[in-house]
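**Student:** Residues per chain, in single letters:
2 protein chains.
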Amino acid sequence: MNFNLNEAIEILEQTPKTLESYLANLSQGWMTSSEGEGTWNPVEVIDHLIECEKHNFIPRLQFILEAGEGEAFPPFDRFAHLNQSEERTLGERFSEFQTLRTENIAKLKELVDSDEVLEKTGSHPALGTVKVRELVSTWAVHDLTHISQITRVLAERYRKDVGPWVEFLGVLK
Amino acid sequence: MNFNLNEAIEILEQTPKTLESYLANLSQGWMTSSEGEGTWNPVEVIDHLIECEKHNFIPRLQFILEAGEGEAFPPFDRFAHLNQSEERTLGERFSEFQTLRTENIAKLKELVDSDEVLEKTGSHPALGTVKVRELVSTWAVHDLTHISQITRVLAERYRKDVGPWVEFLGVLK
Chain A
1 MNFNLNEAIE
11 ILEQTPKTLE
21 SYLANLSQGW
31 MTSSEGEGTW
41 NPVEVIDHLI
51 ECEKHNFIPR
61 LQFILEAGEG
71 EAFPPFDRFA
81 HLNQSEERTL
91 GERFSEFQTL
101 RTENIAKLKE
111 LVDSDEVLEK
121 TGSHPALGTV
131 KVRELVSTWA
141 VHDLTHISQI
151 TRVLAERYRK
161 DVGPWVEFLG
171 VLK
Chain B
1 MNFNLNEAIE
11 ILEQTPKTLE
21 SYLANLSQGW
31 MTSSEGEGTW
41 NPVEVIDHLI
51 ECEKHNFIPR
61 LQFILEAGEG
71 EAFPPFDRFA
81 HLNQSEERTL
91 GERFSEFQTL
101 RTENIAKLKE
111 LVDSDEVLEK
121 TGSHPALGTV
131 KVRELVSTWA
141 VHDLTHISQI
151 TRVLAERYRK
161 DVGPWVEFLG
171 VLK
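As given, the protein sequences belong to chains A and B, one line each in that order.
UniProt numbering numbers the first residue of the first sequence as 1 and each following residue consecutively.
UniProt numbering numbers the first residue of the second sequence as 1 and each following residue consecutively.
Pulled out of the complex, with its shape left as it was, chain A reads as follows:
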């Protein structure tokens, strides 16, 4: 096991600015690209990350600390962000993600104020018993999963363009 709260927070802290640096200056062709029908483009991934700041990790942490294993926490709708009708710019999205993430890291530090809290358990509707330390680890790796997804989506766009080099490019495997 490698989990350490401060190190997990290092991952959580960098994500909004890293994604802004990654994507803010890419033109439409990149931002509307996906891996095919039913998959997300980079804008939809950011919307999902914003949705998770609102309804996933910190709400679940609060739920565990209040309910323990007595009640499974409500399932998270992974597709909620696809039904949003409001028009927002990419800049507004990055700004919202950064604001929510900063607030949520502050809440995390407040709620997990001792090592004992990390061992508290809750009940995941599909996975059963989970620990706070697993939830926080998952929050960090969830960021990484979506950085990886965005990277795969961008690379996919040039799959044919790289010609014979395709066999040397791991991201296209």
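Possibly wrong hints are sitting among the right ones.
Stated by the list, open to error - Residues of chain B placed beyond 10 Å of chain A at every Cβ, according to the derived structure:
(1) E10
(2) G91
(3) A140
(4) V141
(5) P164
What the hints assert, rightly or not - Within a straight-line C-alpha distance of at most 25 Å, the following computed DSS-like cross-link-like pairs (lysine-lysine) qualify:
(6) B/K131 x A/K160
(7) A/K160 x B/K120
(8) A/K17 x A/K107
(9) A/K131 x B/K17
(10) B/K120 x A/K17
(11) A/K120 x A/K109
(12) A/K160 x B/K160
(13) A/K131 x B/K160
(14) B/K109 x A/K173
(15) A/K173 x B/K173
(16) A/K109 x B/K173
(17) B/K160 x A/K120
Unchecked claim - Just a few of them, taken from the derived set where beta-carbon distance is under 10 Å, the chain A residues facing chain B:
(18) K17
(19) S33
(20) G36
(21) E37
(22) G38
(23) A67
(24) G68
(25) T99
(26) S137
(27) S148
(28) R159
Rather than coming from a laboratory, the hints here were simulated on the basis of the structure.
A quick note: this is a predicted structure, and the numbers were derived from the prediction, not measured.
Backbone N, C-alpha and C define an ideal beta-carbon position, used for all residues, glycine too.
Put chain B on the given structure of chain A with help from the hints.
**Tutor:** This is chain B only, laid out in the frame that chain A set:
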């Protein structure tokens, strides 16, 4: 085919700053982590990217434009950066990568001054005939491959820590 020179340059431009945002504030545990013996940690990936700025993409572009298919370009040593003895800080590495990348994008724009140049062909020592457009596409996707690799390495460190969530985290698949 999706290649467009300006769009490829958008990818090339963001990489040094994105990696700096991603990694500059991560502690040693993250930066020395790898996927096991013989695989690279994030610092080694940055050293490889620096090495490629010096000896891979722009030198190969220049070689193609000078030699055409008459002569295969010299193979690139993918492991050269592992034999460097100089001690450098992470900050010095990011700074060098940014400087070299900025210079190389300027050279790219100078060398590829028309669509015809994109169709010129050279000879890769292992892959045979390659086009300039494929080389430039590959340069961009090569950045993405290594962003993806770094992301996988970071995530791997928490494989056990995420507990039962491992099955929902694509980057650990």
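**Student:** Decide, hint by hint, whether the structure agrees.
**Tutor:** Checked hints:
1. Once the 10 Å rule is applied to beta carbons, B/E10 is inconsistent with being away from chain A; the minimum gap is 5 Å.
2. Look at B/G91: its CB is around 16 Å from the nearest CB on chain A, clear of 10 Å, so calling it non-interface holds up.
3. Consistency note on B/A140: stated as away from chain A, yet its beta-carbon is not over 10 Å from all of that chain's, at 6 Å minimum.
4. Chain A draws B/V141 into its interface by the beta-carbon criterion, the shortest separation being 5 Å against a cut-off of 10 Å.
5. In this structure B/P164 is not separated from chain A by more than 10 Å, as the shortest Cβ-Cβ distance comes to only about 4 Å.
6. For the suggested pair B/K131 and A/K160, the alpha carbons sit about 12 Å apart, so the restraint of at most 25 Å is met.
7. Of the pairs offered as hints, the one joining A/K160 and B/K120 holds, with about 17 Å between alpha carbons and a cut-off of 25 Å not exceeded.
8. A C-alpha spacing of about 19 Å is found between A/K17 and A/K107, which places the hinted pair at or below 25 Å, so the restraint holds.
9. Only pairs whose Cα atoms come within 25 Å are accepted, and A/K131 paired with B/K17 is rejected, the gap being roughly 35 Å.
10. Our distance criterion of 25 Å between C-alpha atoms is broken by B/K120 and A/K17, whose separation comes to about 38 Å.
11. This hinted pair checks out: A/K120 and A/K109 have alpha carbons roughly 15 Å apart, not beyond 25 Å.
12. Annotation: proposed proximity of A/K160 to B/K160 is violated, straight-line Cα distance about 36 Å (limit 25 Å).
13. For the given pair, A/K131 sits about 12 Å from B/K160 by alpha-carbon distance, which is consistent with the 25 Å threshold.
14. Restraint check: the Cα-Cα separation between B/K109 and A/K173 comes to about 30 Å, which exceeds 25 Å; the hinted pair is violated.
15. Straight-line distance between C-alpha atoms of A/K173 and B/K173 comes to about 13 Å, which keeps the hinted pair within the 25 Å bound.
16. For a cut-off of 25 Å, the pair hint linking A/K109 to B/K173 is broken: about 30 Å separates their Cα positions.
17. Proximity of B/K160 to A/K120 is assessed by CA-CA distance (about 17 Å); at most 25 Å being required, the pair is judged to hold.
18. The interface hint given for A/K17 holds, since its Cβ lies 5 Å from the closest Cβ of chain B, which is under the 10 Å cut-off.
19. At its closest, the beta carbon of A/S33 sits 8 Å from a beta carbon of chain B; the interface hint therefore holds under the 10 Å criterion.
20. Look at A/G36: its Cβ only gets to about 14 Å from chain B, farther than 10 Å, so that hint breaks.
21. With its C-beta approaching chain B no nearer than about 17 Å, A/E37 sits outside the 10 Å limit, and its interface hint is violated.
22. Interface hint at A/G38: violated, since its Cβ lies 15 Å from the closest Cβ of chain B, which is beyond the 10 Å cut-off.
23. With its C-beta approaching chain B no nearer than about 18 Å, A/A67 sits outside the 10 Å limit, and its interface hint is violated.
24. With 10 Å as the threshold, the beta carbon of A/G68 stays out of range of chain B, its nearest partner Cβ sitting at about 17 Å, so the hint is violated.
25. Using the Cβ-Cβ criterion of 10 Å, the hint placing A/T99 at the interface with chain B is not satisfied: the shortest such distance is roughly 17 Å.
26. The criterion of a C-beta within 10 Å of any C-beta in chain B is met by A/S137, whose closest approach is roughly 4 Å, and the hint holds.
27. Hint on A/S148 holds. Least Cβ distance to chain B is approximately 4 Å, under the 10 Å limit.
28. Because the closest C-beta pair between A/R159 and chain B is about 8 Å apart, less than 10 Å, the hint holds.
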